[in-house]
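S.K.: Quick mapping for you: the protein sequence lines, in order, are chains A and B. Counting from 0, one number per residue, gives the positions in the first sequence under numbering that gives the first Met the number 0. Counting from 0, one number per residue, gives the positions in the second sequence under numbering that gives the first Met the number 0.
Quick caveat, the hints were computed from the structure, so don't treat them as lab data. In this text, a Cβ means the ideal position worked out from N, Cα and C, and glycines have one as well. Among the hints, erroneous ones may be present.
Beta-carbon label-pair distances, calculated as ranges [as the list claims (entries may be wrong)]: (1) B:Pro-154 with A:Ala-50: 40 to 46 Å; (2) B:Phe-295 with A:Gly-63: 31 to 37 Å; (3) B:Ile-340 with A:Asp-121: 36 to 42 Å.
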Amino acid sequence: MNGPSNKLRLPYALTAILSPRWLLTICFLGVIFYHTNTLLDEVTKLRKLRAIKPYAFAGEKFAGLQELLAGERYVGYYTDKDLDVNKDAQQFAQAQYTLAPVILDLNNTQHRYILFDCTSPDVALRTMKQVGALPLRRNQFGIILAVNPHAAAGKASE
Amino acid sequence: MQIILTIIPYLFSFLTGYLLLELIFSGKRKPSLLTHCFLAMGLGLGTGAALTFLVYVLLGGFSQTAIAGVHLGAVLILFMVLQKKDGPTMFRSGRERTFTLSDGLSLIVLLLFFIPVRWYADIYPQGGWDAWSVWNFKAKFLLLSGQQWTNIFDPVLWRASPHYPLLLPLTVVWGWTLPQSPLASGPQLVGLLFTLMTCGLLLAALRDLTKNPLAVIAPLLLISLPFFVLLSISQYCDIVVAYYLLASLFCLAKTFQGDSRPYACLSGLFLGLLSFTKPEGLVAALILLALTAGQFLFWAKPKNTTVRTQIALAGIVGIVLGFIPAAIFQLFFSPGNQTLINGLSSADHPVTLYRLKMIFAFLGAELIGEKWGGLWGLLGVAVIVLIRSAFRKEIRLIPLFLTLYMGVVLFYYFLNTYFKIEWWLQVSLHRILFSLLPAFLLWVFYALAPDTE
């Protein structure tokens, strides 16, 4: 007859917990715990930052122009800013959102209406003179709406 | 009041999806309540987008009366058909699995973990870059352009990717239909809904497929990861792709697990809706269709030819109906990808070995990147540890799909030399991985479950 085995037998519960399935589950739980703490930290910091610096949408600089440009399919958007710079590209994209469904045609001055978003008023005025555009409105953010009397009307139905 | 007017359409969508599922499962054992609800919301929103698209195509633009009427009509027709078909037993037929205490507790835990997601969404009320430059821009354009809605495909708007399908913008438009105003709360609500639906569906799918009481760990891995939360609330379409991909994979798994005609039909519907989300969604849907057809041909059960034919027909019906909006869009409206240069044939922008090296380097760096918190690494270890279970016959479709899909995506990065590869990978690769993560978790946790080892 065989004698008792000399092998060390682990308790069943320990064997179960040391199984790959349970080890992975414990790892996943640890990851959840860690990530949740990081997420809560991040959200708390951002909420405090928002309380000090409220959310600003650059497209708001173009608010109020929707009624003036209603019915136009295209509006020129002239800028001497570098659109490879995030902030300036963002402003153009948000202007497009704010003024939708009007289509902003970047650096095309041949439309009836042209928005000038330039680094200085001199640049805007110089370009307006070159193309023969006349300023209509200017807002506190330096955005100028001009009309080009030489351009054909670009209605949305075209 | 405006916010309530935005919520009402989505409640309608839930009702539409719920009734549609009742009809599809009529006379058969229905999914568990958890699964039913999380599938219903996605099916309802997708159907809503398709109905809204139909109004645009047939009537030439936004019409509050037509859009609301068509949705109301859909609910009434579904209700009448169910009433006629099932009569007094409507809503009463049994479910595959009853709603248990474990389900309830898992749902409560999930909802608790969702609270920080809600807070995060309020920090960026207008979403991320692609929200205001692509998705919400298109939604606003569709809402306000009247009969000139097809101007949205103007080549001047190339930055807004006019070749992208319209499921997400149309879903937002449906929410804006009652207030008739492009409220910021609309797209924010849609983003949050799809995030909750993706996590909820992952929970429901794992509970149904594996009966694992710890299935809630999978969605918690998603919803606790700061980077996943950030992308989810950015109001992009990637969370929409993630949801419909997960729904398609789950329905396909249920089809082959239980030779189920209703799930075959649902698989087709969700694949169709997936194809209407983004070009990546269309690619994913086509790959899954091909793999499913192959798996069906080699499927050992059911032996009964009549049943096999019925399952195939149910799937085909679902596919045909589900792909209608995507087909109409691609055939009649999409201007084609204007940001494509075939590097294999271009002399000015040819493909290079450098491009190939950058793709693999970026992929490796992305997978071990800090923003994922080591999750991809841990999932990779899990796959290796559970390798036999992870590649079982029942589950093989998922890793096969993931491999083929990533292969196609990486090849596209290599082939299309329009963009500088470093910039392109930097702004898009993480979003591809984001949309695959729920499906990857479904695979790993399916393999991990105790009764599947």
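S.K.: Which constraints among the numbered hints does this structure fail? Numbers only, ascending.
M.R.: 2
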